[in-house]
Amino acid sequence: AQSVTQPDIHITVSEGASLELRCNYSYGATPYLFWYVQSPGQGLQLLLKYFSGDTLVQGIKGFEAEFKRSQSSFNLRKPSVHWSDAAEYFCAVGARRSGGYQKVTFGTGTKLQVIP
Amino acid sequence: GAGVSQSPSNKVTEKGKDVELRCDPISGHTALYWYRQSLGQGLEFLIYFQGNSAPDKSGLPSDRFSAERTGGSVSTLTIQRTQQEDSAVYLCASSASLAGGQRGTDTQYFGPGTRLTVL
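Going down the list, the protein sequences come from chains S and W.
Counting along the first sequence from 1, when you hit position 65 you're at 65 in the numbering used here, and nothing is skipped either side.
Counting along the second sequence from 1, when you hit position 4 you're at 4 in the numbering used here, and nothing is skipped either side.
These aren't lab readings, by the way, just hints derived from the structure by calculation.
All residues carry an ideal CB built from backbone N, CA and C; glycine is no exception.
There could be a bad hint or two in this list.
Unchecked claim - Label pairs and their computed distance ranges (CB to CB):
id, chain 1, residue 1, chain 2, residue 2, range
1, S, Gly62, W, Ala2, 23 to 33 Å
2, W, Thr13, S, Gln42, 16 to 26 Å
3, W, Pro61, S, Thr12, 25 to 35 Å
Claimed, not checked - Straight-line alpha carbon distances no greater than 20 Å define the calculated DMTMM-like cross-link-like pairs of lysine to aspartate or glutamate that follow:
id, chain 1, residue 1, chain 2, residue 2
4, S, Lys103, W, Glu68
5, S, Lys103, W, Glu44
6, S, Lys103, W, Asp56
7, S, Lys68, S, Asp54
8, S, Lys111, W, Glu68
9, S, Lys111, S, Asp8
With the rest of the complex left out, here is chain W (with noise of 0.2 Å):
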């Protein structure tokens, strides 16, 4: 019954080394977000889960991010052969949105998010 959870807190990783960020939405939400957070920016959209629809990867920056959502509940995401530009806040969050849903529905509530440092 909490709220979004996110694993692990913090990661620390060398550069070249692949990372798994792994993400627990709330229960019955049907969509989840991944999002990331460098330091002195806004939230920058990298990839949305809706059901059993095909994601929406319009926001990944290379093809070394990936994510996938197994069983319509927790989402893992991938960063491969990590450099040091990716150092950032990792958060995912999840909605209760509905295909075509209704207004009201769409408010995405934020995990507390991992925070990744490549050196």
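With the rest of the complex left out, here is chain S (with noise of 0.2 Å):
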């Protein structure tokens, strides 16, 4: 079964920083891979996602990840952190089930906490 795992729990950068979240999954095939942002009150919004190809994907709001096969890794991140971008990020791995569907699980997420 796949896993999700989401190092840390609570991060803080000051606003104009960079921002590397890191996520950690455990798959034994080629696996989807999501990143999701819940703002205070908001569902959940899909920053990017990763199915096959160019392994550095391009998502919103400023936001790319990378995926290492290598070390079996999608960390997110930012060059330059606004304000607007405190919220909870959570990480996610897609696997294909026999009934033709994708299950995804989640990781426990990361609280960003952006300081002026």
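Join these two chains into a complex; the hints should help.
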């Protein structure tokens, strides 16, 4: 079964600083990988996804993530954080099941605080 | 044409009562998922519906939990005899997945959730 680990429960960065959120996954085949963001009181919004091809994936809001198979990682990055990026970020891995659908397993999330 | 909607947005109930949570997926999406998000936890898969196929109920935590999807669209998650540990945010997601479908069609789009509080 697949699993996802987000080792950082809480991260604080200064506005304008760079950001990297870590995600490690466990899955026996090529995974589908996702990053979602959840702002307070909001539903989850997809930031970016990796299915195949180029291992550096660009997403919305200036985020990117790099799939590193050798490290089983899919870390999320942003070169310059804005105060509006304060939210909780979830990494997820998807695996196609025999019924044809994709079962997605989510990490426990990393809460990002942005300070002036 | 809007996104996934869920109702109610908040539900407070007494222990032992039954509750129903509703999800309206994106029009045309054949796949529908329910998740539970407890405080400080990730998202816990509950149940999956795909078209007319039998649902995958493997994530339902107990037989007090059940879900239906009528007409391949709206879904209702029912929790009977609620317990305090059922307090959580219940999230619904839909996707355009087709059975055996292509990569790229599987992205799940989430609703805003229903916050359930059991007193």
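**List of violated hint numbers, smallest to largest** = 8
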